[in-house]
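K.L.:
Take a look at the letters that make up each chain.
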Amino acid sequence: MNNEKPEQDLTALWQQQPVSEIDLSDVTRRLKHQQRFQRWYIVSDFTGFLIGLGMLIYSWEKLPLYMALVLCGVMVCGGVFTGFVIWLRRHAVLASFEDTSHYRETLKKQYLSNQRIARITLHSAWSSELILLVIWGIAAVVGDLSWKSFVDKGGVATFIIISVLMAGFGYWAYKREQKFKQEYARLVSQEQNDLFP
Amino acid sequence: MHKDFKQILAEHQALLSRVASSYEANESVRQELLQEIALAVWQGLERFNGDASLKTYILKIAHNRAVTHVSKEVKNRDVSQPDDDDIVATAGAIDEEPDYVAARSRQVTSLLEAIRTLPVTMRQVMTLTLEGLSYQEIAEVCGLTKNHVGVLLQRAKTTLQQRMNHE
Numbered sequence: 002m003n004n005e006k007p008e009q010d011l012t013a014l015w016q017q018q019p020v021s022e023i024d025l026s027d028v029t030r031r032l033k034h035q036q037r038f039q040r041w042y043i044v045s046d047f048t049g050f051l052i053g054l055g056m057l058i059y060s061w062e063k064l065p066l067y068m069a070l071v072l073c074g075v076m077v078c079g080g081v082f083t084g085f086v087i088w089l090r091r092h093a094v095l096a097s098f099e100d101t102s103h104y105r106e107t108l109k110k111q112y113l114s115n116q117r118i119a120r121i122t123l124h125s126a127w128s129s130e131l132i133l134l135v136i137w138g139i140a141a142v143v144g145d146l147s148w149k150s151f152v153d154k155g156g157v158a159t160f161i162i163i164s165v166l167m168a169g170f171g172y173w174a175y176k177r178e179q180k181f182k183q184e185y186a187r188l189v190s191q192e193q194n195d196l197f198p
Numbered sequence: 017m018h019k020d021f022k023q024i025l026a027e028h029q030a031l032l033s034r035v036a037s038s039y040e041a042n043e044s045v046r047q048e049l050l051q052e053i054a055l056a057v058w059q060g061l062e063r064f065n066g067d068a069s070l071k072t073y074i075l076k077i078a079h080n081r082a083v084t085h086v087s088k089e090v091k092n093r094d095v096s097q098p099d100d101d102d103i104v105a106t107a108g109a110i111d112e113e114p115d116y117v118a119a120r121s122r123q124v125t126s127l128l129e130a131i132r133t134l135p136v137t138m139r140q141v142m143t144l145t146l147e148g149l150s151y152q153e154i155a156e157v158c159g160l161t162k163n164h165v166g167v168l169l170q171r172a173k174t175t176l177q178q179r180m181n182h183e
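From first to last, the protein sequence lines stand for chains A and B.
Take any residue in the first sequence, note its place counting from 1, add 1, and you have its number in my numbering.
Take any residue in the second sequence, note its place counting from 1, add 16, and you have its number in my numbering.
Bound conformation, chain B alone (with noise of 0.2 Å):
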């Protein structure tokens, strides 16, 4: 059984380390909310009895996890330290040129800037979005209303592109 569990968590690795991108800019400090994600949907799926899809399942647990993260974590550090200067894009990085790529990175950056600053329920919703849940989805994830998400949905959208377009 834990081996299906391990399995479940390698699928699932890269949509955990965007959740766990989504609060937490410092990258060491990132890995460990990883990790503590990891744990904790190794631990729920031992209760998971198939009435959601497996997917939103795990990002509920993956969201949960995190808030919990961020109000423990945030007063024993500096969070205005810079974190992500690192950061390259991945996808079509290899055949791309540098200039592109480097823009590209750019923007991978702002937009992981943008979405932290969103408060956290509209973070979730936006997030969970750009994972291609629908809003049926989000919504039993969230605990809100399907018009509730979109509301909530076209706020976040219209934030973000003005934060980065002002950057």
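So here's chain A without its partners, still in its complex pose (with noise of 0.2 Å):
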């Protein structure tokens, strides 16, 4: 069989498609939002964590003991977070210059590193309240916090009003991983019939 002749009739039907014209002030327009969103995503990333750390040193005389570690130990945590956001991110930018398999696997690879992000958020978003408690309770148990005081410094108040914001980032985190593990599965889809996966 001769695969010449069919190859070139493709060859012209391909090229006799109409093509579309890009919008060349569009794209400019996009390269500048987006450069702009990159900086506020850097920017973003390091001020909360350099503001908590800037708190934790202003303040780190008056704090009590417990309360010094646990900031600490929320400090650490929270700047890993930060770096491994920061990586992830890059590692994607660089990734799209790669040839395309390369690329595919390091889109998966991002999805499900999203997905472990969104779930880590979700769980973070009740385990805060949690450290919440457990520090009023050890104040409570030191004696540096009275159900008086906490009532009337606003206590239950603040803790009501973060439990619905929490309920409120949780439920946004779920709807987040929810979305990478269908854009996961579209693309093991559109790979599943290779012959050579």
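Simulated from the structure, these hints should not be mistaken for laboratory data.
No experiment lies behind these values; they were computed from the predicted model shown.
No residue lacks a Cβ here, since even glycine has one placed at the ideal position from N, Cα and C.
Check each hint, because a few of them may be wrong.
In silico DSBU-like pairs for lysine-lysine, Cα to Cα no more than 35 Å straight-line [stated by the list, open to error]:
| no. | chain 1 | residue 1 | chain 2 | residue 2 |
| --- | --- | --- | --- | --- |
| 1 | A | 110 | B | 88 |
| 2 | B | 173 | A | 110 |
| 3 | A | 110 | B | 162 |
| 4 | B | 88 | A | 33 |
| 5 | A | 180 | B | 88 |
| 6 | A | 33 | B | 71 |
| 7 | A | 182 | B | 88 |
| 8 | B | 22 | A | 109 |
One-sided and incomplete, this derived list gives chain A residues near chain B with beta-carbon spacing under 10 Å [unchecked claim]:
| no. | residue |
| --- | --- |
| 9 | 59 |
| 10 | 102 |
| 11 | 185 |
| 12 | 192 |
Since each chain sits alone in its own frame, please combine them into the complex, following the hints.
P.N.:
Now the structure itself:
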């Protein structure tokens, strides 16, 4: 069977399809928009961490030992998490210049990592409430906080507000996890019929 | 420098448009994908060091962006809706008989639909061949061996012919 003629026919057909024009002014606008967002991501990644660190250093001598230890633990976890997210983002950008097989593998890993991050975020929502309760509990046990002063300082209202916020935050994280699961599944389904996956 | 990037994009817009059409049937979403691809290529051009040809480098970025698009976009809408009905084959359309142009346009639509049903690696190998890339260049873009490219291409051609003949 001679395959040259059919290939020429297909090539001719392929080249006859109508093509669209690129809107270069729109691309320029998107590029500037994206650059602004990337700078904002970097700033927002670091700002929360640096503010927390600054406050910890500033109030270090006023803090009881248990509070300083808990906050140090939270800062270390937050720092590691921030570093991991930044590394993932940079890794994803650089992978887009690799060959397509390598890129798909990176994309799959990225979707899986994003799922894990979303799950960690989901669990951080309820665990941060738990940490708050533990801190208040320890403060009560060591005599730094009585129920009356807790109520007078708005502790109950604070707890309710944080609970509502964390519930919303947890739901948002859950939806993100589902989204990344779907994207991963779609990517895999594109490949499943390949002869040599 | 940005002016050069714009010029490169303008020179390759037909090529990039065909990449977009191999992944996306819906016209408005396809145009959106083309803009996304153009943006990715523009960003990628800053890192181009001349190790490979510009065309293969651009195609690599374009296909990578398109794969991301497919995994993100499809869940949001019904992909079975008819999208390529208005296609009119371009080359030679002015002087030729309307019946011939109509038949040719149906063939183009049929080819595009068949290509979009191929698994992603096979689709990439097939469309890169249709763009005139050598086995070596396709292997470089897709991260495959030349033999693997040959096998995938043969299977893709057979599948395409079967699917186009069925329609």
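K.L.:
Tell me, in ascending order, the numbers of any earlier hints that this structure violates.
P.N.:
Structure breaks hint 9 only.
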